[in-house]
Amino acid sequence: MQQIIAEQAPQRQLPLAKHSPHCSVELDLDISHTPEPQPRPEAGQLDMLLNPSDHRQPPWRRARATSWIYGLAVLLLVWLYVYFWRFGYLRTASSTTAGPQLQASVPGYNNGDYHPGSLGNGDDSNHDDVPIDNVPIDTVIGADPTKTSTTTRLLLIDIVTSFATATPSIKTIMTNKTKNPAGGQGAAANGPLATAPAATINQGTYIGVTVQRSKRFPKAFEAFRGVPYAQDTSGQNRFRPPQRLPASTKTINAARWGQACPTDGVVRPGMGENCLNLNVYRPAGLVGQNGYLKANTVKKAKLPVMVYVHGGGFNAGRGTERNMASFVSWADDAIVSVNFNYRVGALGFLPSDVTARAGLLNLGLRDQQMALEWVKENIDAFGGDPDNITVMGLSAGAHSIGHHIMHYSYTSKPAPFHKAILESGATTARAVFYPTHPRHLIQFREFLAAAGASHVPDEEVFDYLRTLPLSKVVAASNDVWYRNVESVTWPFQPVIDGPNPYAKSSHPHSHDKNATYDPIIPDLPISSWLNNKNLKIPIITGYNTNEGAIFIPHQAATNQEFRDFFKGLIPTITSDDLDKLEQLYPDPIKYPHSSPYVRVPQGKGAQFSRLDAAYSHYAYVCPVLQTAHYMSLSGVSDVYIYRYAATSMYGAANHGDEAAIVAHDMELIGYSNQRPGLLDISNKMHAAWARFAVSKLGTPNSPIPTKGGEIKWPAFESPFVDGSNGNAQREDVLGRRGKIMVFGEGNNERDKQVERTRAGNAAQVERLSELEKKACRFWWERVWLSQGIGERAPVMAKSLRNRERAKL
1 MQQIIAEQAP
11 QRQLPLAKHS
21 PHCSVELDLD
31 ISHTPEPQPR
41 PEAGQLDMLL
51 NPSDHRQPPW
61 RRARATSWIY
71 GLAVLLLVWL
81 YVYFWRFGYL
91 RTASSTTAGP
101 QLQASVPGYN
111 NGDYHPGSLG
121 NGDDSNHDDV
131 PIDNVPIDTV
141 IGADPTKTST
151 TTRLLLIDIV
161 TSFATATPSI
171 KTIMTNKTKN
181 PAGGQGAAAN
191 GPLATAPAAT
201 INQGTYIGVT
211 VQRSKRFPKA
221 FEAFRGVPYA
231 QDTSGQNRFR
241 PPQRLPASTK
251 TINAARWGQA
261 CPTDGVVRPG
271 MGENCLNLNV
281 YRPAGLVGQN
291 GYLKANTVKK
301 AKLPVMVYVH
311 GGGFNAGRGT
321 ERNMASFVSW
331 ADDAIVSVNF
341 NYRVGALGFL
351 PSDVTARAGL
361 LNLGLRDQQM
371 ALEWVKENID
381 AFGGDPDNIT
391 VMGLSAGAHS
401 IGHHIMHYSY
411 TSKPAPFHKA
421 ILESGATTAR
431 AVFYPTHPRH
441 LIQFREFLAA
451 AGASHVPDEE
461 VFDYLRTLPL
471 SKVVAASNDV
481 WYRNVESVTW
491 PFQPVIDGPN
501 PYAKSSHPHS
511 HDKNATYDPI
521 IPDLPISSWL
531 NNKNLKIPII
541 TGYNTNEGAI
551 FIPHQAATNQ
561 EFRDFFKGLI
571 PTITSDDLDK
581 LEQLYPDPIK
591 YPHSSPYVRV
601 PQGKGAQFSR
611 LDAAYSHYAY
621 VCPVLQTAHY
631 MSLSGVSDVY
641 IYRYAATSMY
651 GAANHGDEAA
661 IVAHDMELIG
671 YSNQRPGLLD
681 ISNKMHAAWA
691 RFAVSKLGTP
701 NSPIPTKGGE
711 IKWPAFESPF
721 VDGSNGNAQR
731 EDVLGRRGKI
741 MVFGEGNNER
751 DKQVERTRAG
761 NAAQVERLSE
771 LEKKACRFWW
781 ERVWLSQGIG
791 ERAPVMAKSL
801 RNRERAKL
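Counting from 1, one number per residue, gives the positions in the sequence shown under UniProt numbering.
Don't read these hints as lab results, they were simulated from the structure. We treat Cβ as the ideally placed atom computed from N, Cα and C, and that holds for glycine. One or more hints might be untrue.
What the hints assert, rightly or not - Computed Cβ-Cβ distance ranges for the label pairs, DEER-style:
#1 Gly-670 <-> His-593: 50 to 60 angstroms
#2 Leu-441 <-> Thr-467: 20 to 30 angstroms
#3 Pro-596 <-> Gln-753: 15 to 25 angstroms
#4 Leu-441 <-> Ser-409: 38 to 48 angstroms
Let the hints inform the model, and build the full structure from the sequences given.
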């Protein structure tokens, strides 16, 4: 019997390492996304739980009942075994192990568009969402189910599809096509294919799945899963730019998940190098064939499009970390959403002088670029509007969007998006070095050593790496990650791939005949800002109050440890800089009565709150405000700034805490009015993000109030134009200077340490604090230390500052 599946992701266990790329929320794992474990019954309480009014032993402990219960259990197991064997579900093929694939790919067991803690790393192999590759239907018509491994795979798809979803399985489609082989899709017009969502593009026809409304999803939607946007990156495509797909007329089942890009140090089931795929979601019943409205078959649907770029510190993550299915289902307006994978870790970002000469830098950003351009070219067939695309990202995803905003201002090629939402990320966030920076050169050699490739000549190293087993490459990538994670000097990051004055050759003399040279990050991001090299588009961007809490050393106790942390993070920072840093963030040990950083969570070191504030400003808050500052100076498009303040663990609003709130994911928010404050926050944030996507002008405000989602969010005007620090002065004519929207101030419903929860204020307008402005002036003056080669450039800085003043 068929039933429509619910869109729910596999439940993933959290690795124990605090700073691993799989549990850090910088890497966009929101720990609270994972369903809370239910308390286990204590010793002696099992009988009481079974029957509170009768404390006798349960039936299976009684001697008289034992034999017949065990007998029935054995008979049932035998029957199930015979049944599944009879229909081929327990048979194995020469190249496929059916058992784990079956268990891991059952939609009702591990399906969904939201992966709690989903970083592409998986948990144990029995609970990963193992995809069965999208199989061209046309190639298997008439195959004998008892003789071919391909058909065994199709039978696996059939069992998991037929019992868990109303979408026709491949077996059903095969039957319909066999009955009417000349008819193609039209032959099944009166059968299951008549209701299955479909989209035909240059690379084939994709058959999606319909997901019915439920408590979690108030409106039904249609999903196309695992749709490739580029070729397999294994073999000779490894360590090369993404390759476009050839044209095809095949019909392909898009009800199954595609592979996730490897991230975990272990290539788990469901991971692989054929991972450049995406998922498309749209409201059910609205869009017909090829993007036309069902109600008006001569008119294109042209729904607004939201594309999500995942985070993960460029070392982990997968597209499905953000529940874009929930985002679509809860939206008042019809929206098409997309999320996708890109290569991470060493496979996507392996900066070095050797990589630069080969023209192979920033491959993960090139994957993103191809995905965005694929959406621009093909989304029309899925009902989307190619002229109204919003790109949204969290953390590394937001950093990436910042780079794309700059990249497309250097090229004659039009940008494949029109608006942007950057959550906790910016192009100047953290460090963006040249590939010849000592940190990258050291980490590159560490990677080669871990991969057993130190002996290979530079001009042959990538050819050698392409011959290695994927598991060895991923393990080496993971090894280098753990060498550098505690210091937050993460490896495998985007780098400036434009002309490099610190290299012997600023352009690659390629050893790779397939390499191309088209810089993704052509200059220092700060130089691009100051030279006005950025798209002039509407944006929403913002940060969480305690961005740094999950990254800093939690047990730091002394002022020297405070200084050492930043000296390790920014090697060229001076003693004078560190002295000023101490004054900006007063030591709670030295100034116990005046420092705002005296209170720390239980079990944390005395410097915890101080480090949290300083690192938050350095890595996230001030880069975000730098984006807002320069974008707002153009006066062409509006910029909207937010701060997310609802607390969770450590009594803090941590990095990534807003992710499920924006997606309106009820698995975290809670049903039955469990967290009314969070629900109110989610109603407002989700509605604002959706309105921004719908509006071609890019505004989160609506002229028609929606239930629970009304806010009046003023556009941002930079407060850093007040004449201080050499900045030109502007009058605050509209009274908007420094105004931001604060979501969730005072809410603590996710903080498990509090005795009494508070709903707080869902949304309120505030101005930036004096500390935020003072801190950002400090960090902006030192942004050069975290870009290029890490050298202070006072002459260049003064010249560019004068240029900025002249522009104002």
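> Checking against the hints above, which ones are violated?
Replying inline: Per hint list: 1, 4 violated.
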